[in-house]
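Kindly generate the complete structure, drawing on both the sequences and the hints.
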Amino acid sequence: MSGEDATSRMGSSTGDDARVAVQGVSKRYDGAQGPVRALSNINFSVANGEFVCVVGPSGCGKTTLFRVIAGLEESTEGRVLLDGKMINGPTSDLGLVFQEYYLFPWLTAAENVGFGPDHAETAADERDARVQELLNLVGLGGSADSYPRDLSGGMKQRVSLARALAMDPGLLLMDEPFGAVDAQTKRMLQDELLDIWQETGKTILLVTHDVAEAVRLADRVVVMAADPGRIRTVVDVDLPRPRTRTDETFGAVYERVLGLIN
Amino acid sequence: MATDTRGPVSGEDVASPVGSVDGTRALYGVAGVAGFVALWWAASLVQPAYVLPSPLAVGETFAAEAASGTMGIALGNSVLHWLPGTVVGTTAGVAAGVALAWWSTLDDAASGVVRLLRPVPPLALIGFAIAWLGINHAGAAAIVAVGAFWINFYAAYGGVESVSEDLIDVARSLDVHGSLALLRSVVVPAALPEITTGVRTGIGRCWMLVVAAEIFGVNGIGREILRASNNLRVDVVISYILVLSLAYLIIDAVFRATQRRALKWR
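Chains as they are written, first to last, in numbering that gives the first Met the number 0: chain A, 0 to 261; chain B, 0 to 265.
Hints listed in this document are in silico derivations from the structure and should not be mistaken for laboratory results. All of these numbers come straight from a predicted model, not from anything done at the bench. Yeah, the Cβ is synthetic: ideal placement off N, Cα and C, and Gly gets one too. Any given hint could turn out to be false.
Said to hold, decoys possible - Subject to a maximum C-alpha distance of 25 angstroms in a straight line, what follows is the list of computed SDA-like cross-link-like pairs (lysine to any residue): (1) K263/B / D144/A; (2) K263/B / D117/A; (3) K263/B / E99/A; (4) K263/B / R148/A; (5) K263/B / W105/A; (6) K263/B / G140/A; (7) K263/B / G77/A; (8) K263/B / G152/A.
Unchecked claim - According to the in silico footprint, chain A covers these stretches of chain B (three or more CB under 8 angstroms from chain A): (9) 155 to 166; (10) 187 to 197.
To be verified - Short, incomplete list of chain A residues facing chain B, as computed with Cβ under 8 angstroms: (11) K84; (12) M85; (13) P89; (14) L95; (15) Q98; (16) F103; (17) P104; (18) W105; (19) F114; (20) Y146; (21) M166; (22) Y253.
Listed below in structure tokens is the structure:
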């Protein structure tokens with residue numbers, strides 16, 4: 000079977016409801032000991048409104064995959080389609096959320112959220128209304144005028160989520176979003192993210208090394224393996240929400256995914 | 000939706016203890032100055048006046064120089080060298096530093112020239128100042144400008160270079176495209192702490208350069224210090240050094256207040 004056939008087959012199998020289609024993505028670096036295969040023939044898609052998590056051991060290329068989908072890095076082969084259009088650079092159709100937040104420290108919470116709309120020359124009153132609405136959505140309505148240095152890690156991540164949502168992206172792309180906060184805050188933020196997902200109907204692709212997080216949040220879990228970075232399998236998580244770790248069914252899926260990683 | 004139990008740290012809460020710490024520090028500062036003057040006084044008792052005049056004698060000379068108008072004129076002349084020199088040099092230095100750090104092609108093209116010119120001390124350019132501008136205010140200001148240029152060039156260059164690539168990525172993902180738009184909305188605000196630190200360092204260094212620049216014959220505080228040295232008038236020398244210090248203290252305090260307001264997010 001030729002590569003061309005594989006691509007067209009992939010395209011039809013993803014169907015019309017695919018928001019994101021990752022098609023035959025490979026990425027090679029030139030390392031000190033010759034070329035490194037960071038990603039090898041990655042194929043998967045995320046349906047409209049779906050919540051998909053990507054998990055894998057460290058060094059499996061999760062973050063590289065995130066950066067390729069985000070348009071921050073080019074793939075060596077293959078392509079990523081967002082609503083059928085090829086991604087060839089960062090765009091406001093993709094809302095990015097990083098582990099380290101990357102808030103603009105010289106802007107207040109409200110100004111951070113309004114950064115995108117501001118540059119899109121949205122009318123001031125419309126922008127302010129949108130900013131307030133988003134800050135309320137993430138539970139930070141009262142911290143609009145605080146600078147990032149005065150916010151806790153959890154609050155910073157809420158601002159960064161609101162900032163990503165401000166441009167009404169087709170896909171919310173998150174890289175270890177709760178990796179830098181304590182366990183209790185992490186749990187709370189996961190619940191809030193699920194609420195926001197259900198409230199807004201956004202499509203979410205979340206990259207994490209935390210298996211419990213992936214099983215707790217996702218409709219489907221894409222399990223990766225290292226050397227070279229590739230997809231081992233995709234696990235459907237057919238459990239009702241809210242999910243708790245103590246559930247027997249949760250434990251079964253968790254053990255299965257964990258087993259696939261180790 | 001649930002919120003964090005940790006609220007934002009209020010600015011007022013932080014300000015009051017810092018204010019009282021500042022008060023204690025100021026008190027120690029005054030005590031230190033008083034101790035220094037006392038030491039000076041004691042030393043002056045065992046030395047002839049042409050080696051070390053007493054603080055009181057210096058105070059009298061200071062008052063006499065101020066009353067005669069000589070001091071005011073000297074200060075005015077020095078400001079004429081310092082202000083235009085600092086403004087022109089700072090503006091050019093920041094602009095060049097930001098531009099070279101941001102546009103790598105420009106940096107590659109200019110790096111040879113930068114390396115060639117960097118080691119040249121501003122005072123070595125006195126010859127050019129005299130030949131091109133003459134022994135006048137413009138010549139002295141030009142030397143000051145060269146000094147301001149390099150300090151600000153390197154501060155701005157370093158500031159822009161250390162701006163996080165990730166912040167730029169975030170801005171691009173929010174549809175800020177084009178290098179000029181990114182420069183304005185992300186790079187310059189992010190580099191502003193380093194840039195303003197450079198400006199502040201430059202302001203101080205330029206005062207020192209004013210004195211040196213006036214030694215080749217332009218009137219000002221530096222000229223008065225040189226003249227008094229030639230006449231062995233240490234009391235006059237110290238009086239003009241005090242003028243220099245006071246002028247610097249005032250300018251630096253004003254700049255620091257401005258800087259603090261501009262960087263209140265830090």
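Hints, one by one, checked against the model:
no.: 1; hint: K263/B / D144/A; verdict: 12 angstroms, holds
no.: 2; hint: K263/B / D117/A; verdict: 22 angstroms, holds
no.: 3; hint: K263/B / E99/A; verdict: 22 angstroms, holds
no.: 4; hint: K263/B / R148/A; verdict: 11 angstroms, holds
no.: 5; hint: K263/B / W105/A; verdict: 8 angstroms, holds
no.: 6; hint: K263/B / G140/A; verdict: 22 angstroms, holds
no.: 7; hint: K263/B / G77/A; verdict: 46 angstroms, violated
no.: 8; hint: K263/B / G152/A; verdict: 20 angstroms, holds
no.: 9; hint: 155 to 166; verdict: holds (count 3)
no.: 10; hint: 187 to 197; verdict: holds (count 3)
no.: 11; hint: K84; verdict: 15 angstroms, violated
no.: 12; hint: M85; verdict: 17 angstroms, violated
no.: 13; hint: P89; verdict: 4 angstroms, holds
no.: 14; hint: L95; verdict: 5 angstroms, holds
no.: 15; hint: Q98; verdict: 10 angstroms, violated
no.: 16; hint: F103; verdict: 6 angstroms, holds
no.: 17; hint: P104; verdict: 6 angstroms, holds
no.: 18; hint: W105; verdict: 5 angstroms, holds
no.: 19; hint: F114; verdict: 6 angstroms, holds
no.: 20; hint: Y146; verdict: 4 angstroms, holds
no.: 21; hint: M166; verdict: 6 angstroms, holds
no.: 22; hint: Y253; verdict: 25 angstroms, violated
Consistency note: the structure conflicts with the earlier hints numbered 7, 11, 12, 15 and 22.
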